[in-house]
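Asks: I would like the entire structure built from these sequences, with the hints used as guidance.
Protein sequences appear in the order of chains A and B. All residue numbers for the first sequence refer to UniProt numbering, where the first residue is 1 and numbers rise by one. All residue numbers for the second sequence refer to UniProt numbering, where the first residue is 1 and numbers rise by one.
No wet-lab data here; the hints were simulated from the structure. Given the structure is predicted, the values throughout are model-derived calculations rather than measurements. Keep in mind that a hint or two might mislead.
[Unchecked claim] Beta-carbon label-pair distances, calculated as ranges:
| no. | chain 1 | residue 1 | chain 2 | residue 2 | range |
| --- | --- | --- | --- | --- | --- |
| 1 | B | Ala134 | A | Phe161 | 28 to 38 Å |
| 2 | A | Gly111 | B | Ala42 | 41 to 51 Å |
| 3 | B | Phe57 | A | Gly143 | 34 to 44 Å |
| 4 | A | Ala126 | B | Pro166 | 53 to 63 Å |
| 5 | A | Arg134 | B | Leu47 | 23 to 33 Å |
| 6 | B | Arg226 | A | Asp37 | 33 to 43 Å |
| 7 | B | Arg330 | A | Asp129 | 32 to 42 Å |
The beta carbon of each residue, even a glycine, is placed where N, CA and C say it ideally should be.
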Amino acid sequence: MTLLNITKVSKAFGPVSVLHGVDMSVDRGEVVGLVGDNGAGKSTLMKIVTGMYTADAGEITLDGQDILGNTPGERRRMGIEMIYQDLALARQQDVSANIFLGREPEKKVLGMNFVDKATMRREAQAMIDRLGARLPAINRPVGSFSGGQQQSVAIARALTFDPKLVIMDEPTAALAVREVQGVLDLIRQLKSEGIGVILISHRLNDVLSVTDRIVVLNHGRAAANLTTAETNMTEVVSAIVGSAEMDHAAAHEARG
Amino acid sequence: MTQSNSGPAKPGPSLWARAQSSAIEQLHIRLESLIVLLVLGAIMSVLSPYFLSVSNFMNIFLATATIGVLAIAATFILGSGGLDLSLGSVMGFAGVVGAWVAVTAGLPTGIAVIATIGAGALAGFVNGIIITRAFVPAFIVTLGMLGIARGLALVINNGAAIYGLPPAMVYLGQGRPMGIPMPVIIFIGTAIVMHILLAYTRYGRHTLAIGDSENAARTAGINVSRLRLSLYTLSGALAGLAGLIFATRVNAGDPTAGLTYELTAITAAIIGGTNLFGGRASILGTMIGALIMGVLQNGLNLLAVQSYYQQMAIGAVLILAVFIDQWQVRKESRV
Ligand SMILES: Nc1ncnc2c1ncn2[C@@H]1O[C@H](COP(=O)(O)OP(=O)(O)OP(=O)(O)O)[C@@H](O)[C@H]1O
Ligand SMILES: [Mg+2]
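Replies: In structure tokens:
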């Protein structure tokens, strides 16, 4: 069943046209790879899905319901989570503050709502443990963490609220080999739980190993929509670089 | 931050580091500023025998009340990554509005009180609207408001102060229930409420989050511009409250009230550990910072130092406080 449906989405930043009528869809429990050159428009498209950017034209539905009129906060509550390429963490705040940012659990004292810090800390710790992430301490500002540790916090933030769709923009960029395997395992686990996943990555081997389908963006157009089981590295690379540059790329591949 | 679940005490971090980290975690304050306050107090009590008297302590608190309320406003605004240079002017403007409503228009004290705080809130709201909707930097908008609010304060009664507030209103500035001056009660009460708001509510946490990373807050679904607008309005309302305290204490709506107070207020907040660039702030720290400024001013008064030099001292303390903060940041090489 279709979870997310993107239809003819276009976007320009001033005079610069970035997306030209892109179509893309994700089913429940489906892992879709979104690949393309630097500047192809991958992050822009996904930020339109989360509401960080507005689309100039097109339609996006989640479970058949139009979401373009909803705020980023509402879309999160509807189940769309994203791990941003720049992580989008508040560096001076601690792990639990980051994980629960915008959705802090509250408890009532004398009829007033106060942030329930104990619950936040406990659940943040549980999430970090579940991910198997190694953090120095949960009550330290995340700005003092390594890139990989920060990435773990960003992943934890996206998974804490039972999402329906998780968008990962280069989630493994800062990770060591073992942690990369951890993220790929995590993606398989999300899939088994019926969660839709969009994985943006330049590590094509990872994309080929974990996705069901691969959508290739080329200069703001969906240049290919490939079933992972029926494609290979060469086909993906040629779609990424475009046919005009195919000979050059093939030569590059041949050289290794 | 209430219980420690770190198991048996481990050797390792020095006593100082542990004392500091627990102070920061429990009370959100800087230990250094507390020590500065104590040292400053000790120096003053040696220099002036009068300093340690009970009535002088009340004087210090009384003198700190206005600045303290402004400093609380500065703490929220700086914590959110913003800046409000119009605090002192808005305070003066609000005081004149309140006096005008009570004396010239002859309306009841309750309405005059609401008008005073409301005038401040309105000025803050205007700041917020221009900053969030017209995207003019806060530095420019509030610098402009510094001039506009001061000008308005002077225009209302042709530059003259409005004297003769009704007794009920004067009580707010000069009353002493149980021997404690009303301004001190208002100041402490405001500080407690604002501390709870900042440290224990979503509003406070989101305030620090937008100061830390506006992008992170936005991706988390926080409505950043609405929050900023409410923060500048809150800041203006607090400036209005400071104006109310000042006007009722001197029994006049003085259009020059609060001149350069933003300098002292921002200094107090920064001494208290508020990050000039946002993301970190504490009301308790600001209270200590405000008291340091109060002790400094009081001490310089007792030593009969001319007010011109006091102004220089406050300016120097501001630069020194930011220098020390930045120096520590670079030393720890974070951010
Ligand atoms: N906020 C913005 N303002 C102006 N131009 C932008 C903005 N964001 C992205 N762009 C432009 O849009 C194009 C697509 O950028 P985008 O970040 O979506 O690429 P990407 O596919 O994610 O690339 P990468 O693989 O390098 O992350 C680029 O040319 C970029 O310069
Ligand atoms: Mg990108």
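Asks: Give a verdict on every hint.
Replies: Status of each hint after checking the structure:
1. B/Ala134 with A/Phe161: 28 to 38 Å: holds, 35 Å
2. A/Gly111 with B/Ala42: 41 to 51 Å: holds, 44 Å
3. B/Phe57 with A/Gly143: 34 to 44 Å: Once the Cβ atoms are compared, 40 Å apart, the range 34 to 44 Å for A/Gly143 and B/Phe57 holds.
4. A/Ala126 with B/Pro166: 53 to 63 Å: Since A/Ala126 and B/Pro166 have Cβ atoms about 59 Å apart, the given range 53 to 63 Å holds.
5. A/Arg134 with B/Leu47: 23 to 33 Å: violated, 55 Å
6. B/Arg226 with A/Asp37: 33 to 43 Å: holds, 37 Å
7. B/Arg330 with A/Asp129: 32 to 42 Å: For B/Arg330 and A/Asp129 the Cβ distance comes to about 35 Å; the hint holds.
Consistency with the previously given hints fails for number 5 only.
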